[in-house]
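Novice: These are the residues of each chain, in order.
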Amino acid sequence: MSVDEKAVRRAARLARLAVPEDRLAPLAAELSGILAWVEQLNELDTQNVEPMTSVRPMRLYRRADVVTDGFYAEDIVKNAPRSEDNFFVVPKVVE
Amino acid sequence: MSESKMRGKLIEGVTGSWEVVIGLEVHAQVLSNAKLFSGASAAYGGAPNSHVSLVDAGMPGMLPVINEYCVEQAVRTGLGLNAQINKVSVFDRKNYFYPDLPQGYQISQFKQPIVGEGVVVVDLPGGESVEVGIERLHLEQDAGKSLHDQDPNATFVDLNRSGVALMEIVSRPDMRSSEEAAAYLKKLRAIVRYLGTCDGNMDEGSMRADVNVSVRRPGAALGTRCEIKNVNSMRFVAQAIEYEARRQIDVLEGGGSIHQETRLFDNKAGVTRPMRSKEEAHDYRYFPDPDLLPLEFDDAFIARIKATLPELPDAKKARFVSEYGLSPYDAGVLVAEREIAAYFEAAAKGRDAKAVANWVTGDLFAALNRDGKPIGESPVSADALGEMVGLIGDGTISGRIAKDVFVIMYETGERPAKIVEERGLRQVTDTGAISAAVDEVIASNPAKVEELAKKPKLIGWFVGEVMKKTQGKANPQAVNEALKAKLGHLLGE
Chain Z
1 MSVDEKAVRR
11 AARLARLAVP
21 EDRLAPLAAE
31 LSGILAWVEQ
41 LNELDTQNVE
51 PMTSVRPMRL
61 YRRADVVTDG
71 FYAEDIVKNA
81 PRSEDNFFVV
91 PKVVE
Chain S
1 MSESKMRGKL
11 IEGVTGSWEV
21 VIGLEVHAQV
31 LSNAKLFSGA
41 SAAYGGAPNS
51 HVSLVDAGMP
61 GMLPVINEYC
71 VEQAVRTGLG
81 LNAQINKVSV
91 FDRKNYFYPD
101 LPQGYQISQF
111 KQPIVGEGVV
121 VVDLPGGESV
131 EVGIERLHLE
141 QDAGKSLHDQ
151 DPNATFVDLN
161 RSGVALMEIV
171 SRPDMRSSEE
181 AAAYLKKLRA
191 IVRYLGTCDG
201 NMDEGSMRAD
211 VNVSVRRPGA
221 ALGTRCEIKN
231 VNSMRFVAQA
241 IEYEARRQID
251 VLEGGGSIHQ
261 ETRLFDNKAG
271 VTRPMRSKEE
281 AHDYRYFPDP
291 DLLPLEFDDA
301 FIARIKATLP
311 ELPDAKKARF
321 VSEYGLSPYD
331 AGVLVAEREI
341 AAYFEAAAKG
351 RDAKAVANWV
361 TGDLFAALNR
371 DGKPIGESPV
381 SADALGEMVG
391 LIGDGTISGR
401 IAKDVFVIMY
411 ETGERPAKIV
421 EERGLRQVTD
431 TGAISAAVDE
441 VIASNPAKVE
451 ELAKKPKLIG
461 WFVGEVMKKT
471 QGKANPQAVN
481 EALKAKLGHL
491 LGE
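Same order as they appear, the protein sequences are chains Z and S. The letter at position 39 of the first sequence is residue 39 when you use our numbering, and the numbering goes up by one with no holes. The letter at position 114 of the second sequence is residue 114 when you use our numbering, and the numbering goes up by one with no holes.
Since the hints were made in silico from the structure, they are not lab data. Bear in mind that the values here come from a model prediction, so they are computed numbers and not experimental data. Hints may be right or wrong, so weigh each one.
Claimed, not checked - Interface residues of chain Z toward chain S, partial, derived using beta-carbon atoms under 10 Å:
1. S54
2. M58
3. V66
4. K92
What the hints assert, rightly or not - Cut-off 25 Å, straight-line C-alpha distance, at most; resulting in silico cross-link-like pairs (DMTMM-like, lysine to aspartate or glutamate):
5. S:K145 x Z:E74
6. Z:K92 x S:D151
7. S:K448 x S:E481
8. S:K403 x S:D371
9. Z:K92 x S:D283
10. S:K87 x Z:E50
11. S:K145 x Z:E84
12. Z:K78 x S:D151
13. S:K145 x Z:D85
14. S:K111 x S:D299
15. Z:K6 x S:D283
16. Z:K92 x S:D149
17. S:K403 x S:D352
18. S:K145 x Z:D69
19. S:K268 x S:E179
20. S:K145 x Z:D75
21. S:K373 x S:D203
22. S:K403 x S:E345
23. Z:K92 x S:D100
24. S:K468 x S:D363
25. S:K111 x Z:E39
26. S:K229 x S:E179
27. S:K473 x S:D363
28. Z:K78 x S:D100
29. Z:K78 x S:D149
30. S:K87 x S:E135
31. S:K111 x Z:E50
32. S:K354 x S:E414
33. S:K94 x S:E68
34. S:K354 x S:D394
35. S:K87 x S:D291
36. S:K145 x S:D266
37. S:K457 x S:E481
38. S:K187 x S:E135
39. S:K484 x S:D430
40. Z:K92 x S:D266
For each residue, glycine too, the CB sits at the ideal point set by N, CA and C.
With the hints as constraints, model all of the structure from the sequences given.
Specialist: Right under this line is the structure:
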């Protein structure tokens, strides 16, 4: 699988990354290289192999349904460029 | 008609009739103390950003840890929907950018949801019922809340809801009218409320629906659908479908075609409008969340939850019909809310259950509806209503007087026996007293007596007069009998 400039532009847009036009072609080449490298894995027959989800067999850790966190709204908004009454304030977004 | 099993109603267009096809995606907030992946409170409201942990705020380095009770609630709901429970499910990241989504993705379940196919039996207003298939139920995080009306140039963001557990319940496109869709939503709400897995409070957004609507010629292949987002009341769901179906028919009959799109329902204007959507809105680039292992549990876990299931609406309805001899319709009305069913059963204990059902669905519902009160706030307790039905049953009061007693009970909250005693409403069954009243009426109305020979229907007037004389307390049957005994010869009996 290889990617062209159009695919790079689209991926960048979805990730909200500003990629200058003159970087599109080199990035496409780089990404295609990475994909080709990973594609080597397809040479292995994994027909009867269960997908691995962790190196050691582990069970998803669970928490009890108890409120143990929160109630520090000042800290939550502390790094925000703008806040008011502990709300985050961002440029108007309206659908 | 018989072949394609047509049901619901067709909509008439200019060029013939159309069938509307509806599927619902319902978001139901899980009833839990804490959020799906953090220890912050899941309670509604709260000061801005107070129910927020560093996980919910998407701070770097934070890891999600699943709330086991939310998993249990999803399984419980799945069991209530007669659905397949998947012992292995996977959490995925659904990627998109919005200010109230601090992580930049929502943790959801895409390919392997926790609950698979199920079925819901939906009771229609006419007494019929239809089955609506459930495609899946998955667990996911809610996003935060954006407030657009606080400032002309800014949006305020509160993350209290961010990370709260939601169940998305996806139906099959099995509904054929707005009534069926509203009835399905009502049934779903009843089931989750019985189960205690969601409070079903649509005003607070605990339950909201995305409605998929398409139209087709009866029996034809499915048409292109439009999705109406975030409709938050049963009435709006019905209105949005009515509007959208008509809109699509008009477009198609005008020679146009339907483009798959997302629309919003404007409940003030009663119309749906296309969202001003970004072209790439639907590329969520789902992938398994590397912070979370697959969710696995065993049969014992499911069995343990199964053992805690309450009697659900369908089973309760069947029992009300067989145990109390109620009509399926009355039983359906009584089981619609768990609290109403409990009220009925408490009142019917040892009483004439059919009579109790009539009082609950009749006078009590009328009074509560008028005052906008839920059954939990009824001034007439279940026990008091049962006592009143008992007083009718043993002949202490007549059904007519009971209507007045009920009004007094509702207004004062007093026990019926006390009201009857203090206000002297006890029914007069004493034949001597009734007989005397009948004699009096006959003696003072000789003209009417004469007329009666020609107009037998006039006997009703005599009943009325006797009842008046006894302030309505006379047993109507005893009055009839006494009148017949004394005037029967005039009626040719």
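Novice: Each of the hints needs a verdict: does it hold here or not?
Specialist: Going down the list of hints, with the structure as the test:
The restraint placing S54 (chain Z) at the interface with chain S holds, with a minimum CB-CB distance near 6 Å, inside the 10 Å limit. At about 6 Å, the closest approach between the beta carbon of M58 (chain Z) and any beta carbon in chain S falls short of 10 Å, and the interface hint on this residue holds. The closest approach between the C-beta of V66 (chain Z) and any C-beta of chain S is roughly 6 Å, which is under the 10 Å cut-off, so the hint is satisfied. Hint on K92 (chain Z) holds. Least Cβ distance to chain S is approximately 5 Å, under the 10 Å limit.
Between K145 (chain S) and E74 (chain Z) the alpha-carbon distance is near 18 Å, which keeps this suggested pair within the 25 Å criterion. Distance hint between K92 (chain Z) and D151 (chain S) is fulfilled; the C-alpha atoms sit about 8 Å from each other, no more than 25 Å. Using a Cα cut-off of 25 Å, the hinted pair K448 (chain S) and E481 (chain S) holds, with the two alpha carbons roughly 19 Å apart. As the CA atoms of K403 (chain S) and D371 (chain S) are separated by approximately 18 Å, the hinted pair is consistent with the 25 Å bound.
For the given pair, K92 (chain Z) sits about 23 Å from D283 (chain S) by alpha-carbon distance, which is consistent with the 25 Å threshold. Our distance criterion of 25 Å between C-alpha atoms is met by K87 (chain S) and E50 (chain Z), whose separation comes to about 16 Å. With a C-alpha separation of about 15 Å, the suggested pairing of K145 (chain S) with E84 (chain Z) holds against the 25 Å cut-off. In summary, the hint linking K78 (chain Z) to D151 (chain S) is supported, as the alpha carbons are separated by about 21 Å, within the 25 Å threshold.
Between K145 (chain S) and D85 (chain Z) the alpha-carbon distance is near 15 Å, which keeps this suggested pair within the 25 Å criterion. A hinted pair counts as satisfied when its Cα atoms are at most 25 Å apart, and K111 (chain S) with D299 (chain S) qualifies at roughly 22 Å. At most 25 Å may separate the alpha-carbon atoms for a hinted pair to count; K6 (chain Z) and D283 (chain S) meet this at roughly 15 Å. Our distance criterion of 25 Å between C-alpha atoms is met by K92 (chain Z) and D149 (chain S), whose separation comes to about 10 Å.
The hinted pair formed by K403 (chain S) and D352 (chain S) meets the criterion: a straight-line CA distance of about 17 Å does not exceed 25 Å. Restraint check: the Cα-Cα separation between K145 (chain S) and D69 (chain Z) comes to about 20 Å, which is no more than 25 Å; the hinted pair holds. Between K268 (chain S) and E179 (chain S) the CA atoms are separated by roughly 21 Å; this keeps the pair inside 25 Å, and the hint holds. Straight-line distance between C-alpha atoms of K145 (chain S) and D75 (chain Z) comes to about 19 Å, which keeps the hinted pair within the 25 Å bound.
This hinted pair checks out: K373 (chain S) and D203 (chain S) have alpha carbons roughly 16 Å apart, not beyond 25 Å. About 21 Å separates the Cα atoms of K403 (chain S) and E345 (chain S), which keeps this hinted pair within 25 Å; it holds. For the hint linking K92 (chain Z) to D100 (chain S), the alpha-carbon distance of about 12 Å falls within 25 Å, and the restraint holds. Straight-line distance between C-alpha atoms of K468 (chain S) and D363 (chain S) comes to about 24 Å, which keeps the hinted pair within the 25 Å bound.
As the CA atoms of K111 (chain S) and E39 (chain Z) are separated by approximately 23 Å, the hinted pair is consistent with the 25 Å bound. Our distance criterion of 25 Å between C-alpha atoms is met by K229 (chain S) and E179 (chain S), whose separation comes to about 19 Å. Restraint check: the Cα-Cα separation between K473 (chain S) and D363 (chain S) comes to about 20 Å, which is no more than 25 Å; the hinted pair holds. As the CA atoms of K78 (chain Z) and D100 (chain S) are separated by approximately 17 Å, the hinted pair is consistent with the 25 Å bound.
Between K78 (chain Z) and D149 (chain S) the CA atoms are separated by roughly 23 Å; this keeps the pair inside 25 Å, and the hint holds. For the hint pairing K87 (chain S) with E135 (chain S), the CA-to-CA distance comes to about 17 Å; that is within 25 Å, so the pair holds. Proximity of K111 (chain S) to E50 (chain Z) is assessed by CA-CA distance (about 16 Å); at most 25 Å being required, the pair is judged to hold. Our distance criterion of 25 Å between C-alpha atoms is met by K354 (chain S) and E414 (chain S), whose separation comes to about 23 Å.
Among the hinted pairs, K94 (chain S) with E68 (chain S) is consistent with the structure: their alpha-carbon atoms are about 22 Å apart, no more than 25 Å. Distance restraint check for K354 (chain S) and D394 (chain S): the Cα-Cα separation of roughly 15 Å lies within the 25 Å cut-off, and the hinted pair is therefore satisfied. Restraint check for K87 (chain S) and D291 (chain S): the C-alpha separation of about 19 Å stays at or below 25 Å, so the hint holds. For a cut-off of 25 Å, the pair hint linking K145 (chain S) to D266 (chain S) stands: about 19 Å separates their Cα positions.
About 15 Å separates the Cα atoms of K457 (chain S) and E481 (chain S), which keeps this hinted pair within 25 Å; it holds. About 16 Å separates the Cα atoms of K187 (chain S) and E135 (chain S), which keeps this hinted pair within 25 Å; it holds. The hinted pair formed by K484 (chain S) and D430 (chain S) meets the criterion: a straight-line CA distance of about 17 Å does not exceed 25 Å. Between K92 (chain Z) and D266 (chain S) the alpha-carbon distance is near 21 Å, which keeps this suggested pair within the 25 Å criterion.
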